[in-house]
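Protein chains in written order, with our numbering: chain A, 943 to 1214; chain B, 30 to 347; chain C, 614 to 996.
Calculated from the structure, these hints are not laboratory results. The reader is advised that the hints may include incorrect statements.
Said to hold, decoys possible - No more than 20 Å apart at the CA atoms, straight line, and that leaves these computed lysine to aspartate or glutamate pairs for EDC-like:
id: 1; chain 1: B; residue 1: Lys301; chain 2: A; residue 2: Glu1140
id: 2; chain 1: C; residue 1: Lys900; chain 2: A; residue 2: Asp1022
id: 3; chain 1: C; residue 1: Lys900; chain 2: A; residue 2: Glu1050
id: 4; chain 1: B; residue 1: Lys281; chain 2: A; residue 2: Asp1199
id: 5; chain 1: B; residue 1: Lys301; chain 2: A; residue 2: Glu1181
id: 6; chain 1: B; residue 1: Lys65; chain 2: A; residue 2: Asp1201
id: 7; chain 1: A; residue 1: Lys1210; chain 2: B; residue 2: Asp223
id: 8; chain 1: B; residue 1: Lys281; chain 2: B; residue 2: Asp260
id: 9; chain 1: B; residue 1: Lys281; chain 2: A; residue 2: Asp1022
id: 10; chain 1: B; residue 1: Lys301; chain 2: A; residue 2: Glu1178
id: 11; chain 1: C; residue 1: Lys684; chain 2: C; residue 2: Glu741
id: 12; chain 1: B; residue 1: Lys65; chain 2: A; residue 2: Asp1199
id: 13; chain 1: B; residue 1: Lys281; chain 2: B; residue 2: Asp179
id: 14; chain 1: B; residue 1: Lys239; chain 2: A; residue 2: Glu1012
id: 15; chain 1: B; residue 1: Lys301; chain 2: A; residue 2: Asp1073
id: 16; chain 1: A; residue 1: Lys1111; chain 2: A; residue 2: Asp1073
id: 17; chain 1: B; residue 1: Lys301; chain 2: A; residue 2: Asp1151
id: 18; chain 1: B; residue 1: Lys239; chain 2: A; residue 2: Asp1201
id: 19; chain 1: A; residue 1: Lys1111; chain 2: A; residue 2: Glu1139
Residue-level listing of the chains:
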Amino acid sequence: MADPLLEVTGLYKSFDGAAAVDNVSFTVSESETLGIVGESGSGKTTLARCVLRAIDPDQGIVRFRTSDGEWTELHDKTDDELIPLRQQMQMVFQDPFSSLNPRMTVQEILEEPLIIHGIGDRSSRRVEVLDILAKVQLDQDSLTRYPHAFSGGQRQRIGIARALILRPKLVVCDESVSALDVSVQAQIINLLEDLQEEFGLTYLFVAHDLSVVHHICDRILVMHQGRVVEQGTVQEVFENPQEDYTRLLLSAIPSPDPDEPLNPLDRKSLGL
Amino acid sequence: MVDNLLEIRDLAVEFGTDIGTTYALREVSFDVPRGKVTAIVGESGSGKSVTANCIMRLIQSPGRITGGQIHFSPNDVTAYDIAALPDKDPRLLDLRGGSVSMVFQEPMTALSPVYTVGNQVAEAILCHRKVSKEEALEEAADMLRLVGIDDVGRRIHQYPFEFSGGMRQRVVIAMALVCHPQLLICDEPTTALDVTIQAEILTLIRDLQKDLNNSVLFITHDLGVVAQMADQVVVMYQGRVLEVGSVRQVLKTPVHPYTRGLLAAIPGLATKGERLATIASVVGDADLITPHPLVTLADGRQVSLPSDQLAALELANG
Amino acid sequence: MSDVTINPAPAIAADLGTDTLQEISPRQLAWIRFKRHRLAMVSAGFLIAMYLIATFCEFISPYNTDTRNVKAINAPPMSIHFFDREGTFHLRPFVYGYHMEVNPDTWMREYSENTEEMYPIYFFETGESYEMWSLFKAKTHLFTTREGYIHVFGTDQLGRDMFTRVFYGARISMSIGVVGVMLTLFFGVLIGGIAGYMGGIVDRGVQRIIEVLLSLPTLPFWMALSAALPVEWSSLMVYFGITIILSLFGWPGLARQVRGKFLALREEDFVMAARLLGAGRLRVIFKHMMPSFTSHIITTATLAVPGMILGETALSFLGIGLRPPVVSWGVLMQQAQNYQVIVMTPWLMIPGLFVVLTVIAFNLLGDGLRDAADPYNTGGNRD
Chain A
943 MADPLLEVTG
953 LYKSFDGAAA
963 VDNVSFTVSE
973 SETLGIVGES
983 GSGKTTLARC
993 VLRAIDPDQG
1003 IVRFRTSDGE
1013 WTELHDKTDD
1023 ELIPLRQQMQ
1033 MVFQDPFSSL
1043 NPRMTVQEIL
1053 EEPLIIHGIG
1063 DRSSRRVEVL
1073 DILAKVQLDQ
1083 DSLTRYPHAF
1093 SGGQRQRIGI
1103 ARALILRPKL
1113 VVCDESVSAL
1123 DVSVQAQIIN
1133 LLEDLQEEFG
1143 LTYLFVAHDL
1153 SVVHHICDRI
1163 LVMHQGRVVE
1173 QGTVQEVFEN
1183 PQEDYTRLLL
1193 SAIPSPDPDE
1203 PLNPLDRKSL
1213 GL
Chain B
30 MVDNLLEIRD
40 LAVEFGTDIG
50 TTYALREVSF
60 DVPRGKVTAI
70 VGESGSGKSV
80 TANCIMRLIQ
90 SPGRITGGQI
100 HFSPNDVTAY
110 DIAALPDKDP
120 RLLDLRGGSV
130 SMVFQEPMTA
140 LSPVYTVGNQ
150 VAEAILCHRK
160 VSKEEALEEA
170 ADMLRLVGID
180 DVGRRIHQYP
190 FEFSGGMRQR
200 VVIAMALVCH
210 PQLLICDEPT
220 TALDVTIQAE
230 ILTLIRDLQK
240 DLNNSVLFIT
250 HDLGVVAQMA
260 DQVVVMYQGR
270 VLEVGSVRQV
280 LKTPVHPYTR
290 GLLAAIPGLA
300 TKGERLATIA
310 SVVGDADLIT
320 PHPLVTLADG
330 RQVSLPSDQL
340 AALELANG
Chain C
614 MSDVTINPAP
624 AIAADLGTDT
634 LQEISPRQLA
644 WIRFKRHRLA
654 MVSAGFLIAM
664 YLIATFCEFI
674 SPYNTDTRNV
684 KAINAPPMSI
694 HFFDREGTFH
704 LRPFVYGYHM
714 EVNPDTWMRE
724 YSENTEEMYP
734 IYFFETGESY
744 EMWSLFKAKT
754 HLFTTREGYI
764 HVFGTDQLGR
774 DMFTRVFYGA
784 RISMSIGVVG
794 VMLTLFFGVL
804 IGGIAGYMGG
814 IVDRGVQRII
824 EVLLSLPTLP
834 FWMALSAALP
844 VEWSSLMVYF
854 GITIILSLFG
864 WPGLARQVRG
874 KFLALREEDF
884 VMAARLLGAG
894 RLRVIFKHMM
904 PSFTSHIITT
914 ATLAVPGMIL
924 GETALSFLGI
934 GLRPPVVSWG
944 VLMQQAQNYQ
954 VIVMTPWLMI
964 PGLFVVLTVI
974 AFNLLGDGLR
984 DAADPYNTGG
994 NRD
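All chains should be modelled from the sequences, with the hints used to inform the complete structure.
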């Protein structure tokens, strides 16, 4: 097993007194994909945002192993102290329409992370931008255009390029393929997998679509009402779920084969 | 009585936009048989929702129906072309919410926040039938019980915000069914719901359809949902129908490369560790963009393909 | 390559002409959208013309504001002729002098055209000397007559040329609108921005102050405050005093909008994305948040200008704003206060017409800007 990259212990976050994330602990190893699944309100997005310190957790420890091999704690850093660390952890958002600044060209969007972290000069940044653009399979002419000129899938490619241009180690994908049409979704999933292989990325993959999670993840956490109810490898959880809630989730996936009729478990009889 | 409740022929819809005309539908033809579930499946921009809105005559400026017919035969004696009705025709009032009703994606916007659930369902009855308010409320309660709402006596006096998303969608379904429509159009009714709630709503719609024996037109982008719900499937892309057939024909032995591409693009339990097929790798763009007429094959399904591919198919099928 | 991106909607893209649309910036897109808004375009043209006239009013007017023509007291507007009474065409337009008679019943002066006196109009002609912008002396007027007089909008009860006074008035009234809105913007954006950014106690404090200010009835307070302006102040001082009074009640509304927009923008995905990239606070604010609400602010400001103009007009009309010898639309309308004017000398109400046109134009322009400013409004999705 690869070295651990991220360790979360006893994470807790509440909004107006209600616990959104309740005592969650897990570890992510380098180059693996950890899926976080659950229904709306399960706290999966809050958890992912707490890890990246997009929001501040109330309690708990988040430890991250930086590229020089040292462990650093994220949960008690100030916003300013986090800035240099942000190079190593990035996020790809759900909505490719709202996550790109409509007033910036693709060139400006992709160059911004490099400028923020003072990487390279004008010409070397240009090389980097062209490089990452090719990696996400977009044309060079895209650079002078604004986000509104692109389709949903293309915008998501721009979002991925922006996240990867800093060569992060950890990428949080927050429902990154949920808003896309199925054919576009397949392309983006393939792209994410290719990029993972190429850069040795570690993904924290938040999703509600279990088929997508099954396809892309190595291990998964199943969340319900802010708690982790089950975690394990994808095979373990899908083939031999231990918890009623997991079984309920799995039984609710409609199969694209008309000969496998939908037969969802009954929430009430499971006492959930 | 005609076998088909609805026969759509060569339906065309255009939207005049700022910069030019967008063809939302082109030569769309398919039937909606009685007592069956027909699913329209397609990605965004395929025109599946526009088709549904045409049936309700809800296309609004800048959009307009520029051609084709929607033959509607609600019973033995009446039959008319929905597309040709004038805007103020009284039959349209009967059509909307009467013989055809619709369930939308977002249950919260379909319900008014300021009336109780019971009142809203009763209102749907009072719009179309002459009954007293008490009778209407009584019927509303029955219908809410039918769609699986517990403790109806208390719930009927509650407001929509007191219901969860799944329960709200049940209320919307009750509202849609309360006038016993011949056709229930479900436009992505479960897209905004969690997967477990989706399973409950799908089961409900399927069971109700069997009990009431009405026709359902189910619009979705999810082939899993199609497989679970539909008897007949219409595959749409870019405002055109590419393939029509029974659910087994379309999902098990798809003929059109686009349908095959769609199926292959779903991350399934079997695709772990493999690259997903994408539409572009299955079908050349040209096949999708040049229109071909729908041709009926020997096994009864219809497909829109270039003639050389058709010939190859016919050969393969004998 | 197996994984080629196909545009999910090539046909739509082609139909919409996306190829030509692709390279244009949100600002150009807004301009395209604005251009389609006919009324807003017309209004913009009108306002530009009005501001140009107001800027060069010394040159455009044939006289000075206090030049009296004793031969024409309360004289009606003149019409400009090309044909004389014999029907001969003159390339150079001309006006007829006034023929005055005193009505023996009412003792009012009644004017008619005196076809004996023809005054040809000369363009770029030397006339009365004036000080352009109080900076340098000049004598050239856009148009005037070499002999006689010309009163296109008539004259007032002292025989002063209304055309001249309306456009001198435009300078004061229309600039008060702009200067007042600038001040409003300055306070509104500063205070609203601070409240939205700091949050917590500062935000709550500012909110309460705003609520108190917004609950004050504006007109009595305007009146009280302007009545409190010292009488010995020069007209320039009074001008700025009035402007400050007007913006004093304008900023709270704007500050509240800015704060609201600020809070909403902070939750936008692209703002969070910038934060997660490691962008510092200033960068997030100035690079990502500010550009998103400048369009909003421009719209709000445009819609606020007519309020300022109306405020000045109202105060001056009531006699507690600007006072003669300053010429503003409000001051001019003060002359038109009694009902006699409506019957006997309706042309004294021409300043009111300009107030109405200007206010409508600003509102229409604001509407157009608002429709054009939203970058997300790029046409609906069909499915």
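For each hint, the structure was consulted:
1. Lys301/B / Glu1140/A: holds, 19 Å
2. Lys900/C / Asp1022/A: holds, 18 Å
3. Lys900/C / Glu1050/A: Measuring from Cα to Cα gives roughly 11 Å; hence the hint holds.
4. Lys281/B / Asp1199/A: Measuring from Cα to Cα gives roughly 7 Å; hence the hint holds.
5. Lys301/B / Glu1181/A: holds, 13 Å
6. Lys65/B / Asp1201/A: Status holds; Cα separation ~18 Å.
7. Lys1210/A / Asp223/B: holds, 16 Å
8. Lys281/B / Asp260/B: holds, 13 Å
9. Lys281/B / Asp1022/A: Violated, at roughly 56 Å.
10. Lys301/B / Glu1178/A: At roughly 14 Å apart (the allowed maximum being 20 Å), Glu1178/A and Lys301/B satisfy the hint.
11. Lys684/C / Glu741/C: holds, 17 Å
12. Lys65/B / Asp1199/A: holds, 19 Å
13. Lys281/B / Asp179/B: violated, 39 Å
14. Lys239/B / Glu1012/A: The hint is violated at about 63 Å.
15. Lys301/B / Asp1073/A: This hinted pair is violated, its Cα atoms lying about 29 Å apart.
16. Lys1111/A / Asp1073/A: holds, 18 Å
17. Lys301/B / Asp1151/A: holds, 15 Å
18. Lys239/B / Asp1201/A: holds, 18 Å
19. Lys1111/A / Glu1139/A: holds, 12 Å
Of the hints listed earlier, those the structure fails to meet are numbers 9, 13, 14, 15, in rising order.
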